[in-house]
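Undergrad: Below, each chain spelled out in residue letters.
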Amino acid sequence: MSTSRLRQGPLNLSEWVAAPMPPHCGGLAFFAGTVRNVHEGRAVSGIKYHAHVALAERRLAEIEAEAAARFGAEVSVAHAVGDLAVGDASVVVVARAGHRAEAFAACRWAIDTLKQTVPIWKEERYADGETRFQEGTPIKDIKNT
Amino acid sequence: MSTSRLRQGPLNLSEWVAAPMPPHCGGLAFFAGTVRNVHEGRAVSGIKYHAHVALAERRLAEIEAEAAARFGAEVSVAHAVGDLAVGDASVVVVARAGHRAEAFAACRWAIDTLKQTVPIWKEERYADGETRFQEGTPIKDIKNT
Amino acid sequence: MRIVIECCGASQRWCGAESVSLDLGETATVSSALDRMAERYPELAARRETLAVAIGDQIVHAGRALAEGERLALIPPVSGG
Amino acid sequence: MRIVIECCGASQRWCGAESVSLDLGETATVSSALDRMAERYPELAARRETLAVAIGDQIVHAGRALAEGERLALIPPVSGG
Chain D
1 MSTSRLRQGP
11 LNLSEWVAAP
21 MPPHCGGLAF
31 FAGTVRNVHE
41 GRAVSGIKYH
51 AHVALAERRL
61 AEIEAEAAAR
71 FGAEVSVAHA
81 VGDLAVGDAS
91 VVVVARAGHR
101 AEAFAACRWA
111 IDTLKQTVPI
121 WKEERYADGE
131 TRFQEGTPIK
141 DIKNT
Chain B
1001 MSTSRLRQGP
1011 LNLSEWVAAP
1021 MPPHCGGLAF
1031 FAGTVRNVHE
1041 GRAVSGIKYH
1051 AHVALAERRL
1061 AEIEAEAAAR
1071 FGAEVSVAHA
1081 VGDLAVGDAS
1091 VVVVARAGHR
1101 AEAFAACRWA
1111 IDTLKQTVPI
1121 WKEERYADGE
1131 TRFQEGTPIK
1141 DIKNT
Chain U
2001 MRIVIECCGA
2011 SQRWCGAESV
2021 SLDLGETATV
2031 SSALDRMAER
2041 YPELAARRET
2051 LAVAIGDQIV
2061 HAGRALAEGE
2071 RLALIPPVSG
2081 G
Chain G
3001 MRIVIECCGA
3011 SQRWCGAESV
3021 SLDLGETATV
3031 SSALDRMAER
3041 YPELAARRET
3051 LAVAIGDQIV
3061 HAGRALAEGE
3071 RLALIPPVSG
3081 G
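Chains D, B, U and G are the protein sequences, given in the same order. For the first sequence, this note's numbering begins at 1 and goes up steadily by one. For the second sequence, this note's numbering begins at 1001 and goes up steadily by one. For the third sequence, this note's numbering begins at 2001 and goes up steadily by one. For the fourth sequence, this note's numbering begins at 3001 and goes up steadily by one.
Everything labelled a hint here was simulated from the structure, so no lab data went into it. By construction, the Cβ of each residue, glycine as well, lies at the ideal position given by its N, Cα and C atoms. Hints should not be assumed to be uniformly reliable.
Selected chain G positions facing chain D (Cβ under 7 Å, derived; list incomplete) [said to hold, decoys possible]:
id : residue
1  : A3054
2  : D3057
3  : P3077
List time: in silico SDA-like cross-link candidates among lysine to any residue, alpha-carbon distance up to 25 Å [what the hints assert, rightly or not]:
id : chain 1 : residue 1 : chain 2 : residue 2
4  : D       : K143      : B       : A1101
5  : B       : K1140     : U       : G2056
6  : D       : K115      : B       : A1105
Input sequences plus hints: build the corresponding full structure.
TA: Right, here's the structure in full:
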C-alpha cells in the first residue's frame, strides 16, 4: 500500500477496514463515497477526479491530524484521482476510537471537512457524452471548519 | 455467507464492505464494534457473547427494515456470539444510501437501537480469570427508540 | 400447569441454573410466573422491574395467559454491541 | 517578472488552457496576478471572490509578494468527495 493519500483509480473498500483494531479501541466508523448514476436529475456515466496533488496530500494529512486532536480518534483518509465509473469508490474515511461516539464524530467531521478544504474537482461525464465540472464550494482552511 | 445475522465467533469486517454499491447510492457508512482491553478500569482479556437466538434474529431483521423505512437506506447488521478476544469484531452495521447524511444517520440509529433492543449479553473475562456479565439496559421495543 | 423458564444472560447466575421448571395454577400468566421466580430467587426479585419475557421470537406482555408446557425465556437487561 | 499560473479544475475551461504565463511588474503580488487574470478571462472575473491561490503545498494570501519564475496554482471552488 502506498503511503500517498491520493490514489490513481477507484479505492478498494475492504483494504481500509482490514487492519487489526488497536486493543484500546472499541469502535470503528467508516465512510465511503461512490459515484452515483445521477446528479441533479441528469444521468451520469462516470466522473474524472482532478487534484492539486501537493496541496491535496498536505491537507488530507492535516485532516487526519486535526481529527486525532479534536476527537481522540485514529483517522485515515484517501481520495481517488482519475476516471471512475458508477459504483466506484472515490473517497474513504476510517476512524478508530475508544467508543462509537468519537468514532462517528471523527468520521463525519473528516468527510465534511475534506469536501470543503481539499483541492479536488469532479468532472462529470453524462450519458449523452458531455462533460462538466461541478460547481463546488470556495476552498476553506481546515481550522475554519 | 449465511443469511443468519448472528454469527459464531468474530466477524470479518472486509466481508461487509465488499458488496458492489448500488448505482443510485453515493454513500456507505459502516460501524464495527470490537472488544476493548479495558472496561471500567479493569483489564479485559475477552468477552463471551450470549444471545436469545430466535428473538435476536427477529429483532436484527426488524432493525434493518425499520432503518430502511426511516432513512431510505439499505442496512445490514450482524452480531457475533461465542468467545471473542481483544480486537475481535462483535458487531457490524453497514448502511448504503443516496447521500452521506442518510447513510450516517441510518448507521448510527441502527447501532444505538441494536444495543437497546436485541437480546444479547456480554460476559466479560478479566485478566485475573474472573468472569462477569455486564449490567446492561432493560430491553426496549424498536418502535420506542 | 407446568412451564419451563429458560434463564438468559446474567439471570443464569441469579437463578443458579440455565432453566427452571415451575408448577403454576390453571390461570397462570407471564406475571404470575415472574412472581413465582421472584419469590424463589432474591437476586431476581431485586431486578423484577428490569426483566422481560419472550416466548418463541417475541416479547410477551405481563398479562399473557400461559399454556401447559410452554417455554418462556427470561430476558434480563441487554448488553449487546 | 514572469510567472506561471497553473489552472486547476474548471479554471482550465474558463481560461482555455492548463497554464498561463504572465508578465508582471517588480512589486507584483498574488492579488495583482489575479487582477491580470481577471482582465484577460471574463469567466474568471465573474468568480474572482471564490478563487484561491496555492504556491507549492500551501494556500497563499492575496498580499504575498511574488518572485521571478514562481508557479502559482489557481484553486477554483472544490468538489471532492
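Undergrad: Against this structure, judge whether each hint is valid.
TA: Right, here's what the structure says about each hint:
About 5 Å separates the beta-carbon of G:A3054 from the nearest beta-carbon of chain D, less than 7 Å, and the hint is met. At about 4 Å, the closest approach between the beta carbon of G:D3057 and any beta carbon in chain D falls short of 7 Å, and the interface hint on this residue holds. The beta carbon of G:P3077 is positioned within 7 Å of a beta carbon in chain D (closest approach about 3 Å), and the interface hint is therefore held. At most 25 Å may separate the alpha-carbon atoms for a hinted pair to count; D:K143 and B:A1101 meet this at roughly 22 Å.
About 17 Å separates the Cα atoms of B:K1140 and U:G2056, which keeps this hinted pair within 25 Å; it holds. Annotation: proposed proximity of D:K115 to B:A1105 holds, straight-line Cα distance about 19 Å (limit 25 Å).
In this structure, every one of the numbered hints holds.
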